[in-house]
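With these hints in hand, go ahead and build the complete structure from the sequences.
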Amino acid sequence: GQQLNQSPQSMFIQEGEDVSMNCTSSSIFNTWLWYKQDPGEGPVLLIALYKAGELTSNGRLTAQFGITRKDSFLNISASIPSDVGIYFCAGQRDSSYKLIFGSGTRLLVRP
Amino acid sequence: EPEVTQTPSHQVTQMGQEVILRCVPISNHLYFYWYRQILGQKVEFLVSFYNNEISEKSEIFDDQFSVERPDGSNFTLKIRSTKLEDSAMYFCASSSPGWASGNLGTQYFGPGTRLLVL
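From first to last, the protein sequence lines stand for chains F and E.
So the mapping is simple: the numbering used here equals the position in the first sequence, first residue as 1, plus 280.
So the mapping is simple: the numbering used here equals the position in the second sequence, first residue as 1, plus 318.
FYI, nobody ran anything at the bench for these hints, they're computed from the structure.
Possibly wrong hints are sitting among the right ones.
What the hints assert, rightly or not - With a cut-off of at most 25 Å between alpha-carbon atoms, the simulated SDA-like pairs for lysine to any residue come out as follows:
1. F:K316 with E:V342
2. E:K375 with E:K396
3. F:K316 with E:K401
4. F:K316 with F:V299
5. F:K350 with F:G320
6. E:K360 with F:R386
7. E:K360 with F:G320
8. E:K360 with F:L388
9. E:K360 with F:S306
10. E:K396 with F:S376
11. E:K360 with F:D318
12. E:K396 with E:E319
13. E:K396 with E:V365
14. E:K375 with E:I344
15. E:K375 with F:L325
16. F:K316 with E:D381
17. E:K396 with F:G320
18. E:K360 with E:D381
19. E:K375 with E:K401
20. E:K375 with F:Q283
Right, dumping it as structure tokens:
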């Protein structure tokens with residue numbers, strides 16, 4: 281129903297590499313958000329997507345709202361050590377302000 | 319840049335005790351939320367609050383939980399009789415007013431309160 285399947289669960293990459301992660305659901309969402317969480321801190325908003333097909337960038341980050349409204353991906357280009365953290369997708373459905381979170385992608389970057 | 323603040327950052331309590339977690343949302347926001355995150359797990363929605371009443375709540379938000387906006391700036395979560403399984407990070411969030419703003423659901427999160435129930 282309202283579960284978000286986020287993959288991969290973790291990634292260990294070399295500094296400078298590009299990274300891609302995605303979220304899928306069997307349900308339609310009208311908003312997709314991507315957050316980054318550092319240990320012991322709150323989720324920090326990276327990118328917000330409001331329309332199907334929308335492609336939005338924030339520096340080295342690019343995210344897209346899937347055309348079916350059931351998925352979204354996040355790309356990070358030229359990763360750096362400070363990209364380390366847990367990345368969460370979150371979706372919001374019509375008539376609800378509740379955010380449904382994915383299970384997170386843990387990113388480790390090797391200098 | 320405006321941000322959501324939460325106090326305390328850490329709280330240790332005995333099982334059965336009442337705790338109150340406090341939040342100061344971003345000043346022009348009108349929608350307020352509480353989420354929790356059990357260690358190593360994903361963030362889970364607890365409750366949303368608008369116009370001085372609960373607009374939506376999850377099955378986790380049972381009768382032990384309550385929320386209040388006691389004044390124009392604070393938003394609180396009370397757990398009346400804590401249980402061991404209430405141990406988690408609790409995040410407050412707030413969002414922009416109304417659909418017309420274009421920010422339909424951009425929720426900004428506070429740094430969290432880590433609650434440990436012994």
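Going through the hints against the structure:
1. Annotation: proposed proximity of F:K316 to E:V342 holds, straight-line Cα distance about 21 Å (limit 25 Å).
2. Annotation: proposed proximity of E:K375 to E:K396 holds, straight-line Cα distance about 14 Å (limit 25 Å).
3. With a C-alpha separation of about 29 Å, the suggested pairing of F:K316 with E:K401 is violated against the 25 Å cut-off.
4. At roughly 14 Å between alpha-carbon atoms, F:K316 and F:V299 fall within 25 Å of each other, so this suggested pair holds.
5. Taking the CA atoms of F:K350 and F:G320, the gap is near 30 Å; set against the 25 Å cutoff, the hint is violated.
6. This hinted pair checks out: E:K360 and F:R386 have alpha carbons roughly 12 Å apart, not beyond 25 Å.
7. Distance hint between E:K360 and F:G320 is fulfilled; the C-alpha atoms sit about 13 Å from each other, no more than 25 Å.
8. For the given pair, E:K360 sits about 18 Å from F:L388 by alpha-carbon distance, which is consistent with the 25 Å threshold.
9. With a C-alpha separation of about 19 Å, the suggested pair E:K360 and F:S306 falls inside the 25 Å cut-off, and the hint holds.
10. Among the hinted pairs, E:K396 with F:S376 is consistent with the structure: their alpha-carbon atoms are about 23 Å apart, no more than 25 Å.
11. A threshold of 25 Å between alpha carbons decides the hint, and for E:K360 with F:D318 the separation of about 13 Å falls inside it, so the pair holds.
12. At most 25 Å may separate the alpha-carbon atoms for a hinted pair to count; E:K396 and E:E319 exceed this at roughly 28 Å.
13. At most 25 Å may separate the alpha-carbon atoms for a hinted pair to count; E:K396 and E:V365 meet this at roughly 12 Å.
14. Using a Cα cut-off of 25 Å, the hinted pair E:K375 and E:I344 holds, with the two alpha carbons roughly 21 Å apart.
15. Taken as a hint, the E:K375 and F:L325 pair is honoured in the structure, with Cα atoms around 22 Å apart against an allowance of 25 Å.
16. Using a Cα cut-off of 25 Å, the hinted pair F:K316 and E:D381 is violated, with the two alpha carbons roughly 32 Å apart.
17. Proposed proximity of E:K396 and F:G320 is supported: the alpha carbons are some 21 Å apart, at most 25 Å.
18. For the suggested pair E:K360 and E:D381, the alpha carbons sit about 23 Å apart, so the restraint of at most 25 Å is met.
19. For the hint linking E:K375 to E:K401, the alpha-carbon distance of about 19 Å falls within 25 Å, and the restraint holds.
20. For the hint linking E:K375 to F:Q283, the alpha-carbon distance of about 17 Å falls within 25 Å, and the restraint holds.
Violated hints for the displayed structure, listed by number in ascending order: 3, 5, 12 and 16.
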